[in-house]
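There are 2 protein chains.
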Amino acid sequence: MSTQNTLTCESQLVDKLRWRYATKKFDSNKKIKSEVWNQIEEALLLTPSSFGLQPWTFVVVTNPELKSKLPQFSWNQQQPQECSHLVVFARPDKIDEAYVANYIERIAEVRGVSADSLSTYKKMMTDFVKGATEEKLAEWMSRQCYIALGNLMTVAAAVGLDACPMEGFSSPDYDRILGLTEKGLRSVVVCPLGYRAEDDKYAQAAKVRFPKEKVILHI
Amino acid sequence: MSTQNTLTCESQLVDKLRWRYATKKFDSNKKIKSEVWNQIEEALLLTPSSFGLQPWTFVVVTNPELKSKLPQFSWNQQQPQECSHLVVFARPDKIDEAYVANYIERIAEVRGVSADSLSTYKKMMTDFVKGATEEKLAEWMSRQCYIALGNLMTVAAAVGLDACPMEGFSSPDYDRILGLTEKGLRSVVVCPLGYRAEDDKYAQAAKVRFPKEKVILHI
Numbered sequence: 011m012s013t014q015n016t017l018t019c020e021s022q023l024v025d026k027l028r029w030r031y032a033t034k035k036f037d038s039n040k041k042i043k044s045e046v047w048n049q050i051e052e053a054l055l056l057t058p059s060s061f062g063l064q065p066w067t068f069v070v071v072t073n074p075e076l077k078s079k080l081p082q083f084s085w086n087q088q089q090p091q092e093c094s095h096l097v098v099f100a101r102p103d104k105i106d107e108a109y110v111a112n113y114i115e116r117i118a119e120v121r122g123v124s125a126d127s128l129s130t131y132k133k134m135m136t137d138f139v140k141g142a143t144e145e146k147l148a149e150w151m152s153r154q155c156y157i158a159l160g161n162l163m164t165v166a167a168a169v170g171l172d173a174c175p176m177e178g179f180s181s182p183d184y185d186r187i188l189g190l191t192e193k194g195l196r197s198v199v200v201c202p203l204g205y206r207a208e209d210d211k212y213a214q215a216a217k218v219r220f221p222k223e224k225v226i227l228h229i
Numbered sequence: 011m012s013t014q015n016t017l018t019c020e021s022q023l024v025d026k027l028r029w030r031y032a033t034k035k036f037d038s039n040k041k042i043k044s045e046v047w048n049q050i051e052e053a054l055l056l057t058p059s060s061f062g063l064q065p066w067t068f069v070v071v072t073n074p075e076l077k078s079k080l081p082q083f084s085w086n087q088q089q090p091q092e093c094s095h096l097v098v099f100a101r102p103d104k105i106d107e108a109y110v111a112n113y114i115e116r117i118a119e120v121r122g123v124s125a126d127s128l129s130t131y132k133k134m135m136t137d138f139v140k141g142a143t144e145e146k147l148a149e150w151m152s153r154q155c156y157i158a159l160g161n162l163m164t165v166a167a168a169v170g171l172d173a174c175p176m177e178g179f180s181s182p183d184y185d186r187i188l189g190l191t192e193k194g195l196r197s198v199v200v201c202p203l204g205y206r207a208e209d210d211k212y213a214q215a216a217k218v219r220f221p222k223e224k225v226i227l228h229i
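So the protein lines, in turn, are chains A and B. In terms of the working numbering, the first sequence opens at residue 11 and continues consecutively. In terms of the working numbering, the second sequence opens at residue 11 and continues consecutively.
Same shape as in the complex, but just chain A (with noise of 0.2 Å):
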């Protein structure tokens, strides 16, 4: 990998940081298309997560009808309904002792290697769900969705697509609209993605940042 291409590459990709912006206002005309959204897939699926647990499940909202519920418990922003492809951060109800040792199989089987030989990765995993409270556990595994967030945004942003993450939204309407609770889901977070709309005002105004030196400490 050459430090040139990369630098370029990444020079493209800060300006493209730049560009985007908390979309206000989707174009609900402009549709995603599938070789670009599955670029999007790709990329949220290789997410990192702490253990390689991935305790998570992507669900991508297009259905008009579904969405078109969402804004009344969305604060009232029309983003969820206007967006081309709306994606809720969505952790299990729960992680346990099988969803490890679901995890070990999985690894198992893409490496070729017994489960047997992972028996001490398997019990420090073990241990740590064992270890933490509910609260704790589901509070880790919400955190773990904002990595695949912050994943998300910067990829959307480097293919020239508009996104807007939300917390504002009630989780409880949302796993009942979206049928997440008979799955042992709960939503966590929310990011609609698609085109800006002409006359979205906020696409003009300049990016907040505090100054650099107040953000960035070195020592």
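Treat the hints with care, as some may be off.
Given that identical chains are not distinguished, each listed pair holds provided it fits within a single copy or across any two copies.
What the hints assert, rightly or not - Derived lysine-lysine pairs resembling DSBU-like cross-links, with alpha carbons at most 30 Å apart:
1. Lys104 <-> Lys217
2. Lys40 <-> Lys79
3. Lys43 <-> Lys79
4. Lys132 <-> Lys224
5. Lys41 <-> Lys146
6. Lys104 <-> Lys40
7. Lys146 <-> Lys193
8. Lys193 <-> Lys224
9. Lys222 <-> Lys211
10. Lys34 <-> Lys79
11. Lys79 <-> Lys35
12. Lys146 <-> Lys211
13. Lys104 <-> Lys132
These aren't lab readings, by the way, just hints derived from the structure by calculation.
Using the hints provided, position chain B relative to the given structure of chain A.
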């Protein structure tokens, strides 16, 4: 922004997300050049956050003496010492009305508007920080740090930097050693960055993810 270009860039990005892995052993002789590192800092600074409040400080540790003290408080993992640059994601001890007021001043400064014109936005954020418990706000701030972690790992991969996200460290000890406590900061998660050692056998291991059809749900 041409779709063709961005698709190509994105394909590269997905390849780079496949290339990355949680680096167990860094080559301590290889240092990240400043022109590469500057891009990383720009990307960190541009991380999106809820309300745009940026409840974080990114602590970049390169001092060898400080780094040498960290493995013993990191489950004996050597990456914080052997890496080139260690990023400690720290949140403010607390977030309050004064923090919000300071942010409003910053918006007014960057956008050239009066602070008074932002009173509705200010009230919304003030209500948010006054309406939640200290514990809830601490967790909310920590989640924002995980967005930055996700962004960092993706951007690092894009420039060919190796990284290892780590939750396994003693936050109070890091805060003491790095002098964060007296600055009103609390370490949340850390990420050593640099270049993989040639003999890090984990670099060759197949990447393990659950099957796409189990992780991504279309509705």
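Hints and how they fare:
no.: 1; hint: Lys104 <-> Lys217; in the structure: between (38 Å within a copy, 24 Å between copies)
no.: 2; hint: Lys40 <-> Lys79; in the structure: within (20 Å within a copy, 53 Å between copies)
no.: 3; hint: Lys43 <-> Lys79; in the structure: within (24 Å within a copy, 50 Å between copies)
no.: 4; hint: Lys132 <-> Lys224; in the structure: between (42 Å within a copy, 21 Å between copies)
no.: 5; hint: Lys41 <-> Lys146; in the structure: neither (38 Å within a copy, 37 Å between copies)
no.: 6; hint: Lys104 <-> Lys40; in the structure: neither (37 Å within a copy, 42 Å between copies)
no.: 7; hint: Lys146 <-> Lys193; in the structure: both (21 Å within a copy, 27 Å between copies)
no.: 8; hint: Lys193 <-> Lys224; in the structure: between (44 Å within a copy, 12 Å between copies)
no.: 9; hint: Lys222 <-> Lys211; in the structure: within (26 Å within a copy, 37 Å between copies)
no.: 10; hint: Lys34 <-> Lys79; in the structure: within (18 Å within a copy, 46 Å between copies)
no.: 11; hint: Lys79 <-> Lys35; in the structure: within (17 Å within a copy, 49 Å between copies)
no.: 12; hint: Lys146 <-> Lys211; in the structure: neither (40 Å within a copy, 33 Å between copies)
no.: 13; hint: Lys104 <-> Lys132; in the structure: within (18 Å within a copy, 37 Å between copies)
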